[in-house]
Structure formats: structure tokens, C-alpha cells
Amino acid sequence: MAQTSQNTRSRSLAIYAFLLRIYAPDFLARHRAEMLQNFEDLETASSSTAALWLLIGEDLMRSLISRKIPKSLWGHAAPIVVVLTVVLGIWRAFAYDIVPVGDPEAVGFSSSRLERIAVWQQAQVDAGAFTGAVAAIARNGKVAYLRAVGFRDRAKTVPLQTDAIFWIASMTKPVVSVAAMMLVEDGKLDLASPVHRYLPELKNMMVGVEATDSTSGQTRLVLEPQKHPMTVEDLLRHTSGLVYFDHGNTAVHKLYRESGLYDKGLARDGTLQDFVYRLARLPLAHQPGEVWEYGHSADVLGRVIEVASGERLDQFLDNRVFKPLGMVDTGFWVPPEKVSRLVDPPAGAAIFPDRDVTRPTTLFSGGGGLVSTASDYLRFCQMLLNGGELDGTRILSPATVHRMTTNALPSGVRFTGEGDAYVGPLGGSTWGLGFAIRSDAAWSALPGSVGSFTWGGLWGTYFWVDPAERLVAVQMIQVAPGRSGPYTRAFRNLAYGAFLIPGQIPGQGAPATAPAAIDQAALAAFEGTYRFASSSARDRQERREFGGLGIEVAMQDGLIKVLFPIRGTPAARAGVMANDVITYVDDEPTKGMTLGQALEKMRGPVDTTVRLKIARKGQDGPIELSIARAAIRPQAAGSDLQVAVKHGKLQVEANGALPVLDFEKGAPITVVPTSRNEFVVDGGEHTRLAFLGDGTDKATGLVLDPGPWEITGQRIN
Amino acid sequence: MSKSDPQVPLTPAVFHILLALFGQERHGYDIMQRVKSDSQGAVKMGPGTLYGSLDRMIEAGLVQKGGTKDPRRIYYKLTTLGQATLRAETERLSRVAAVARRQLGTA
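Protein chains in written order, with our numbering: chain A, 15 to 731; chain B, 4 to 110.
Heads up, a few of these hints could be off.
Unchecked claim - Okay, derived cross-link-like pairs now, EDC-like style, lysine to aspartate or glutamate, Cα gap no bigger than 16 Å in a straight line: (1) B/Lys80 x B/Asp58; (2) B/Lys72 x A/Glu48; (3) A/Lys352 x A/Asp177; (4) A/Lys278 x A/Asp370; (5) A/Lys352 x A/Glu199; (6) B/Lys72 x B/Glu28; (7) B/Lys39 x A/Asp55; (8) B/Lys47 x A/Glu72; (9) B/Lys80 x B/Glu28; (10) A/Lys337 x A/Asp405; (11) A/Lys627 x A/Glu602; (12) B/Lys47 x A/Glu602; (13) B/Lys68 x B/Glu28; (14) A/Lys615 x A/Glu602; (15) B/Lys47 x A/Asp601; (16) B/Lys68 x A/Asp370; (17) B/Lys68 x B/Asp33; (18) A/Lys627 x A/Asp601.
For the record, the hints were derived by calculation from the structure and aren't laboratory data.
Could you put together the complete structure from these sequences and hints?
In C-alpha cells:
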């Protein structure tokens, strides 16, 4: 193992050395040794070969472009072409190699808790629930988990690998829905159009209604015409009235069963066109647009795609979805060279005779024909999470993805059929254009944010996307129909159970850096008195645009209290006094406002007017003042801060009152340095101070968020 | 280019290299890591970008070779001009940020 990685490493280094030599014989030549050393460092630290080479490739390109190459067109083009060729060649070799990040913690997962997924899956394998499982989880676009557990075959002889191929069945539907929406974006497909505009054979389908004869008590099938013609949108949201033979027991479901639609109609040597003709002879189970019932809608949608695009569905998906997204193992059948990766069908699933995916097919079932891998489908999910784009390739607009993953069902729609346990009020969810969407925050049977969307396949494959958590996850298993529920639910619980504190994803929320241990000598370097002054570098334009009243205020017991008016400002001239309480700003009560909000209300463009209501001790009624704003210098100017080491800790104290900085004399604040060179004071609502040491004996201070002003401090002793 | 006055604005790469070297001699890989953490992953710097920029910075008198003895690596440090330039750019950026903050409504 160690030997192998050593070999790989020296090979990579050789490739890099070769690249450097061919791409710039003179450029950076004197840094060549350093660059090779750095490459080794980078490779050691990198968890993914693909990521390393992407960084290197991008780096070479960028440094090449920034280098000013004179002379001929060839002078420009030659090195770029060479680098592109070689780097892209390398990149291609690794591009589809989704590698787990070394550090799930970096994307908000506990690695030890993620580990429990494999433990749980192994227990299921041992118990005989399924022969093997591949799970893939990514957050923030980084794969945090990708593992295979168990075996590929029912005889348990071949260990399962992460690139195993599964029949994903109904997870085909979201793919076909995406394809349809691409055609909508192309202007070639209209969701509001009747389906018969594309498939005239469906024009005169009748709706089958069960009527009970009042005298005999017998029910019989009565056929009604469609009230509103079935639209393309109905196909995407399962409101077409097309159903599955085994998802209900009405007279129409019985007709579906008797017609042999499923075995003969979906035979692998058939065609979609024939299948649609067979469907056209059956009645619809519901009036289009009125009832959500899961069924053959996506199969018909597949045929609509063929007609609207002029391409076979398999070709359309290959060209427009699978190739652009790098879904290299997804298709309607498994070619011979990949058969060794195909996972055995589950025991007890032989009721569908024509599901031998090792045979080529001429019938491309948009409802359930695809095979895929966890990595491939994860890429599809990530594309959706990214708003229609993956690795720089966009296949849908964000608006379209949003439209697909938000409710598309009209109000008052009924949910029937077997799927109503997952979609509709019982499942806390609704349906978009191709996905079930979590809509009910109170529905607590499964973890997941409102707005997360999902679907699964007949043999237990399952995915979901949780945009609020930037999470995508896929679990591939093969179990008999109807048995997958407990496994998908457990997988979801395990995944959310592995979250670190929600919302604290490093790099997204507050920086989660641990305070460094700093020695006393380094602390002492910060000691001294700092005088703060507001910057004079602001130009006049800014001052004219931004002004205030000229008061220092503080929040005391929920009241906005004037500490003092600044001499010579509008507030001082208008007679505002220390200890006044500001109760209203422009007729808005300050009660309930934060200090920051109140300040924001009072600040504004110079020469605009603000009305204050003031409560003053000893005055009966409120004092009402109208004051024009002027440019104000903050009172930090000329104020001093004392920084000292006390009891081994760094303390900051004002020499007097320093209201803008929220410091009071006699109220020292203990601070913790963030590095040898820097400490930061988090001083309440609107102000933070940073002190920077420069490695000599000097340190300077800076107010990080002083509102409209610029305040810096210099050590004066 | 005058060697006495700080020239701003800087490119992000140059700014981040100056920042990484502030108060500390570092070798190339160390600079890259520091840049990555300072920028919270937003600025990715590989060897080509790094040494391309370093060469120009040495020429402009912002950076010079450091004194740390290490047979495997070469260390770099800021010159006085480099420090001044970093300060000038920091000031400029914080002024720009202040303007932006105000225009984004968070005075």
C-alpha cells in the first residue's frame, strides 16, 4: 500500500517536472527546485488527486496568462495549447474520480458519526436485508462520505465497490424531468400545451369513472371525456390520470393489469411509441389536473421528449445530461465491459420478467429504465443543488431548478394511489416538477429541511437534496419492492445524525479558529497606550452624503440614552443634553430597537432632517426636536486606550469614556490574541478593534467596523 | 517604479503574499497555506502564481530573501517598503469596504 502510493507520488512529481520544463523553459527557472518541493508538500496535504491536479492545472494556466508573452500568435498560443492538452489529459483521467474529502469535519460532519452508516449497513447485510450498499454524501460540494459495504452478488462472493451499478428504477423520473425542462428552456416544449400536441394518439383518451348501479348495486366503468386536456405539466407532476397497474384497485387499475401493459408494453425489444399506443387504448384513472397519482406519466414524458427534440430518449439524455454532468455509468443498459460491476437483483423481485439490464434495449423507459452508480447520481443531485450547474457546465437555469423543486400542484388536488404515503399531507410533502418536496415543517417522521426534495427507486435506491443544509445524499441498495422504507429512513437519520452543530459549517458561519497559545513575551509586545483618531482621508463627497446629529449614545436598560452632545454639532445647538432619553426617532419608538438600529435611524445624509422625541428628567412632557444632520467626527479621536498584561492576560481599558468604542474607564476588557501578531476586541454591537503587531516592537490598532468613519490608533508610549 | 512610495492598489495575489509575510519569514509552501487560510479558501495559490508574483515583488522591492537557514527551502520576508505597502493597501481596502458597507445599508 505504502509502496503503491510512493510510486504514484513520484510519477506525479515527474509529470509536474515535465510540465514545468515544456511550458516555460526560462520562466521561473530559478524557482524550479522550490516549486517541485512545493508540489510534494501539496500532494502530501491533498486528499484528492483530482483536486491536486485541478489546482496545479489552474495555477499553470494562470501564471502563464499573467506572464506577458510577446511576439507572434504562436508565441501566445503554443504554451497554452501544450498546457491545456497535458493538463486536460491528466484532468480527464481523474475528473470522474469522486474522492472523499480527507476531513468530513471541514464540511460540518462528524467523521466518527458518519462511520456509523457503514456499521449500520454491515448489520443489515449480516441480517440478510440486502447484499450490499453504497452510500454517498456531499456537503458544500465536497464528498464527505463514499463507502461500499457488503457484496455485489447474492452468493456473497464479490465485495461491493463504490463504483457498483444499480438499477435505479424510478430515480429515472427526475432525470427525465430535467431533460424535459431543458427542452422547455430551449423553447421546444411547452408545459401548458396539451400532450396531444406532441402525441396525437393520446388526444381522445377517456376518463374511467366507477359508477354504482342504484338498483343492482353493481359497480361498472363509465367513460367520460377529459374536462381539460392532459398537459405536459400534468406529466411532470403526476396529475395526468395515467397510473400504475399495481398502485390501486379501481376498475381502471384492473384494466391496466388485464392489458399486459407492464410486461408486454415495456418489453426491452419494444418501442416507446408502441407503449404510448397501448396506453392510449386504456382510460385515464382521473380527470387530468385534479388528482396526484403516481404512474406512467414519466414514460409518456420520455416519448414527448423524443418528439419535441427529434432525438431518441437515450441519445438525448446521453448528449444533454449524462455527458455534460460526467455521469459516465448511467444509461438504459449495462454494456459487457461493465457487467462485472452490476449488482444482483434482490431475492423475490423476479415479478418483472424483462428487467435484464445487461441486454440492450430499444425501449427507453423514462419512468424507470436507468442504471447508475452512487457517484453518478450524486453528481446529478449536486447539479440540482447548484441550481442547474456542475463543474462549470450549466444544463438548467437556477430559475428552472427552483420551479422544479417548489410546489407545482394546484390547491385542492387530491392524493391517491400507493404513493400517497410519501407525497401529500401524510408524507409532509408536496410535488414539484419531478420531485417530492418537503413542505410541512411540523411533519417530523424524517429529518430534513422544508424545501428538501427527494425520490427513490423500486428496488430501494434513494436520494435527497437539502438545499438549506447544502446537502446531497444517495444510498444504493437492491431490495424487493416495498421493502426499502426502513432503510431509506435509517440512512437519512444517520446522515443528519452525523451533523456537527447545525449551521456551523467552517468557512460559512463564524470562523471557528481556536485561540492560539501565546507566550507572555508576545503578549507584552502589545502593551502600551494607543491614541485613536478618525481618518482624514475621507473625501468630501462621502462626508456630504453621510452625517449625524452629534451625540454619543448608549443603550441602558433598553433605553437609548444620550451620554453627551458633541460640542459644536447640530445636537448641541438644538439643546440635547446628557442623560436625555431618546424615545422616538422620526415617529418610530426606539423601544425594542438595538443600539445599532437606533444609530442607523439617526444617521443619514447631511442636511436631511431627523425628528427626535426626548424624555428628560424633571420635564413633564416629551421634548420634540427637529435637527438637521451634519458631518460628524466620532469622539474616538483623541481618545486613549490602555493595553496591559494583567495576571497573564491581555486587558484593554479606556483612559476615560470611549463611547464609540464601547469602553468605559474602570471596565477593562480581557482579550485573547488570535495569533502572535494580532488580537481582536469584540466590543459590543457596532465596534470591534484589531491590534496588529508587526514583529518589531510596534503594534497598531484599527477599528474594524466603525460605521461611516475610519478610526485607527497608534501607540504613543 | 519608485522604490520608496507604496504603490496601490495591489492584485489579490500580491496583497495576500504581503499579508502572509507580515511579521514572519516563510517559505513558499507555507505562504500558500497562509494565503489559503487568510482568505478562508477564496484565494487559491499554486507554485506558478506564487513565484510569478514573488519575482515581481522582489523586483519592486517589496520582498526579499529571508535569513532562515534551511537546506531544503528558501524563506522570504517583507522589506520596509513591503510593510508600508501592505499598510497602505489595508487602509485603502478598509476605506473601500466602509464605502461598500454603507452602500449595502449596514452603517
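For each hint, the structure was consulted:
no. : hint                : verdict
1   : B/Lys80 x B/Asp58   : holds, 13 Å
2   : B/Lys72 x A/Glu48   : holds, 15 Å
3   : A/Lys352 x A/Asp177 : holds, 10 Å
4   : A/Lys278 x A/Asp370 : holds, 14 Å
5   : A/Lys352 x A/Glu199 : violated, 34 Å
6   : B/Lys72 x B/Glu28   : holds, 11 Å
7   : B/Lys39 x A/Asp55   : holds, 14 Å
8   : B/Lys47 x A/Glu72   : holds, 9 Å
9   : B/Lys80 x B/Glu28   : holds, 5 Å
10  : A/Lys337 x A/Asp405 : holds, 12 Å
11  : A/Lys627 x A/Glu602 : holds, 9 Å
12  : B/Lys47 x A/Glu602  : violated, 48 Å
13  : B/Lys68 x B/Glu28   : holds, 9 Å
14  : A/Lys615 x A/Glu602 : holds, 9 Å
15  : B/Lys47 x A/Asp601  : violated, 50 Å
16  : B/Lys68 x A/Asp370  : violated, 68 Å
17  : B/Lys68 x B/Asp33   : holds, 14 Å
18  : A/Lys627 x A/Asp601 : holds, 8 Å
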